[in-house]
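Here's the letter readout for the chains.
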Amino acid sequence: MSLYGLQKFLYELNRDARVQERYRDDRAALLTQYPLTDEERAAIEAGDIGLIYVLGANGQLLMHFAAYLGMPWADYIKAMRDGIVTHGPVRAGVYTMTTGMDEKVAGV
Amino acid sequence: MSLVFAGICSHAPGITGRAHMAEPALRDEFYAALRQMSAELHATKPDALIVVAAEHFANFFMNNMPAFALGMSDEYQGPIEDPEWLKIERRKIRGNAALSKRLIVEVMNSVDVAYAEEWKFDHGIMVPLHFLTPAYDIPVIPANINCQGPPLTPLHRAWAFGEALRHAADAVPERIALVGTGGISHWPATPDSGKVNEAWDRELLDRWSRNDRQALLSYTDVATYRDAGQGGFEIRTFISVAAAAGGRGTIHFSKPIPIFAVGCTVATMNIACRT
Ligand SMILES: [Fe+2]
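Protein sequences, first through last, are from chains A and B. Under my numbering, read the first sequence as residues 8 to 115, first letter to last. Under my numbering, read the second sequence as residues -5 to 269, first letter to last.
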């Protein structure tokens, strides 16, 4: 479990334009610099917000990765719900889901 | 000279970024309360504004996480987020390194604060500034309390930090304003986004307004997480303001706006004489 490495990647991507550039142009090489499980690496490579959410990434970090990928707000919220449907409950951290699947408190 | 202004407000990124998705009447009522707070803040003619924020891994990460940090630069940048997403233009924000340094030296007498000569503001500071100092006409001194990466700063230390900020503000010749930013109960950046516990928020704001130190410090992180979500950990910033001001608070606005992901809050506090 290298959740730390996954979150470190998100932290650096969110704040550093050079990391963003490398994510676009040289993704595989960039990701060798972080201690990641195969599942984490695949999730980052695919921009799989739902799986990264389930893996337990801090939501404040993940929210900006979704924005960087150009996901509208409603799609980002849906991707997290879909992640839970596909992969089960959030496995670590404090950003778990406590509402029902159809509750949609804010209408999205 | 002294602490001349104390207040608290919400900082959720949806407040600006998802403004178009909110109910217009409710949103505008909230914005009006923020603008009123801006007017009150400016009326006190502060030389600098300390913003105590709960940042979200913009500058501080688990490789080296301070319990407290204060900025010590003449210039900051923000927002770190995509300006299109936050709907706040990226810009430089004036600081005051010399004043920061004098405040830090004072604070360090009682609280081991980290200092940072580089600081990129995230929504925790940029959203409040957008409304409180829209002309960016007051130098800003950023402060951070770790509300994000457990183990978190204990509540009684957040109180001690507020007291230390008050001592420091009273020890320098400048007029200092203080604003704490954060959410009360909320579950941001999850599918629960928009959920709030209104009863819990009312109770917290009541304790804050009465400046009931014991009641404010009696929350445990386990109970806060259960009743108020991970966003509830940000009450540390409000607690530090209560400790600094020492007076009674007035709530100017407190209503949930679900698409903003938080119970939106605007409040100010009288500044009591130190005994
Ligand atoms: Fe926050």
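Hints in this document: simulated from the structure, not taken from any laboratory. Careful, some of the hints might be misleading.
What the hints assert, rightly or not - If the Cβ cut is set under 7 Å, some of the chain A residues that face chain B in the computed set are: (1) L58; (2) M70; (3) F72; (4) M87; (5) V101; (6) T105.
Cβ coordinates follow ideal geometry from the N, Cα and C atoms, glycine included.
Practice problem: Tell me if F72/A is really an interface residue toward chain B, meaning its C-beta lies closer than 7 Å to one of theirs. | Solution: For F72/A, the interface hint is violated, since the closest Cβ of chain B sits about 11 Å away, which is over 7 Å.
Self-check item: Per-residue hint verdict: M87/A, partner chain B, C-beta under 7 Å
Solution: Holds - the Cβ of M87/A comes within 7 Å of chain B, reaching about 5 Å at its closest.
Exercise. Verify the interface restraint on V101/A: the C-beta must sit less than 7 Å from at least one C-beta of chain B.
Key: 4 Å, holds
Quiz item: Should the hint that L58/A touches chain B count as held when the rule is a Cβ pair under 7 Å?
Solution: Hint violated; L58/A Cβ to chain B Cβ min 14 Å, cut 7 Å.
Quiz item: Does the interface hint hold: is M70/A within less than 7 Å of chain B, judged Cβ to Cβ?
Solution: 4 Å, holds
Quiz prompt | Interface hint compliance - T105/A to chain B, C-beta minimum distance less than 7 Å | solution = Given a least distance of 5 Å, the restraint on T105/A holds.
Consistency note: the structure conflicts with the earlier hints numbered 1, 3.
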